[in-house]
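Q: All chains, please: the whole structure from these sequences, using the hints.
There are 2 protein chains.
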Amino acid sequence: MERISISEAAFQLTLRDFKEAASRISNDIIETPLLPFEFPDRKLMLKAECLQELGSFKIRAGANAIESANEEDLLNGVITASAGNFGQGVAKAAKNRGLPVHVIVPETAAKVKVEALLNLGAKVTAVPFSDWWAVMTTRSTGLNGFFIHPVAELEVIIGNGGIGLEISSQCPDVDVIVVPFGGGGMISGIALAMKALGKKPHIIACEIETSTPLKSAKSKGKPINVTRGESWIDGIGSTSVLPEMWPLLDELVDDVIVVSHLEAEEALRSLSSKAHLVSEGAGAVALAAAMKPQFSGKNIVAVISGGNIDPKTYGEILNNSHS
Amino acid sequence: MERISISEAAFQLTLRDFKEAASRISNDIIETPLLPFEFPDRKLMLKAECLQELGSFKIRAGANAIESANEEDLLNGVITASAGNFGQGVAKAAKNRGLPVHVIVPETAAKVKVEALLNLGAKVTAVPFSDWWAVMTTRSTGLNGFFIHPVAELEVIIGNGGIGLEISSQCPDVDVIVVPFGGGGMISGIALAMKALGKKPHIIACEIETSTPLKSAKSKGKPINVTRGESWIDGIGSTSVLPEMWPLLDELVDDVIVVSHLEAEEALRSLSSKAHLVSEGAGAVALAAAMKPQFSGKNIVAVISGGNIDPKTYGEILNNSHS
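Protein chains in written order, with my numbering: chain A, 1 to 323; chain B, 1 to 323.
It is worth saying that the hints were derived from the structure and are not from the lab. Among the clues, some could well be false.
It does not matter which identical chain is used: a pair holds within one copy or between any two.
What the hints assert, rightly or not - Heads up, simulated BS3-like pairs for lysine-lysine below, C-alpha to C-alpha not over 30 Å straight-line:
id	residue 1	residue 2
1	LYS292	LYS215
2	LYS220	LYS200
3	LYS123	LYS200
4	LYS195	LYS123
5	LYS43	LYS111
6	LYS113	LYS312
7	LYS292	LYS113
Just so it is clear, the structure is predicted and the values come from calculations on it, not from any experiment.
A: Written out as structure tokens, the structure is:
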């Protein structure tokens, strides 16, 4: 059976789809606060997704993907292939439901991430990177269980849409929403939820200077491969936009703002000293973008997507001793 | 006219007093989230007051004190005598209402705190410490304006009671609430609001090992002078319980837990890495107390009172390099 493309399916989503998903996962997540952030010439607000349990918005997608499966499919538990925030989100959502979960990770995955998965009760199998990538592209694991893809999954987009619903109810007159761009699941979900609500805020993606796949795709009119420079910021910055996500991003994202490391580090310090939030790099990139002069006078929301940052790196940036 | 004592007045407060205050200041504050904090043997939750604008619960008291004055009294603006979070709370609440505010600070006040007050539009006058202390004890400034005392003020207690109302609605079956003890305004407000709601959670104060005025008063049955050792933790830890607050604390506080610096520093790191909150020392002391074995099996809330911590100290503690 041929699968309808993610983009085609996503464009057909209705407000009811987003609302039902939000209700399905209401026990897994908190409605994160929209915090005012003092800034001279605009009403700037932070959507503090770093306050979700496990410190990331990804619990929304993980929980929704499990909730959307039928019971029979879940008899053998859940399988995913992410060592990061998404894998943790799926593992936590599975744990909340008493379901076994099996996570395939590349052998290169950081030990601390594998340990976090084990602490959540997941079975973890490490495979060579090429085998892991094959799982990502074929969705085939050879294992019994319900497979959830970390990015190219309609239920991921729908789950993330809840962030849009919450922003709209917390700030009905929002003009601009700035979202870190990783794979596109979050920005698509937020934009589609806003559309379903009949609202038209500007949807702005942000990227870090060392890796700008979306900015490049936007200027070329199609996904292209870009280099990926070194950065302490993870979770955003891949080498290309996934082709199956491109139609959504082409249509829904109004602009892309590229942020420098200096700007991101300054924003990270501001999040700590002024907002008292511990953010990961991607969230700091969103705040840095939202402070740009072009948004003067606007009601603007920066999505602080997560708070999982290496403590050593974090301490160094706070102390201005990071190089 | 003789003033009725704070304690006498406070014991007469009703649920209506607390609810009206909460409603009066609803535009000054956010309802802070009650965040789950994973811990093996209990349901531990964080009342994240560090997310208030300016990073402290004190905006509640400052705003309520101003709101409770009559218009005539406010014609010449507002005066207070705190260089810290309370002074900022009053200054911000006054700014929100377009009222002039004059803050008397001791000459020893940290420059960064004075600058924060100036940024909020306050007029700041620095006086010798003995003159400043005279203002605190006599409530007399020789200036025209409505004076608000940072601790011994009924409206401060009522404003802080809102924290109790919120906890009760966010977790109706709370068993224990742990509150940092500074002057007693916060713990009294929370305890009295709970009482007014007809609820009886255990009310636990926490102190840092270098200065334990409440623990000492509780064991002697009256306020006594204690030494104040050096600590990076401020906002809690004075040399004595204020006599006018003692009847409240004697009656309302069920137990006092003393926390070591090692425990507080470990809790500060957990707040950063697990809850993604930047807390000041007092909040970390509350979490450390709430993790003690005696609270096994309980639904327990730690009040994370504020997030204003020196960035250098913070970075050092995160990096385990603080001495």
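Q: Which of the stated hints cannot be reconciled with the structure, identified by number in ascending sequence?
A: 3, 4
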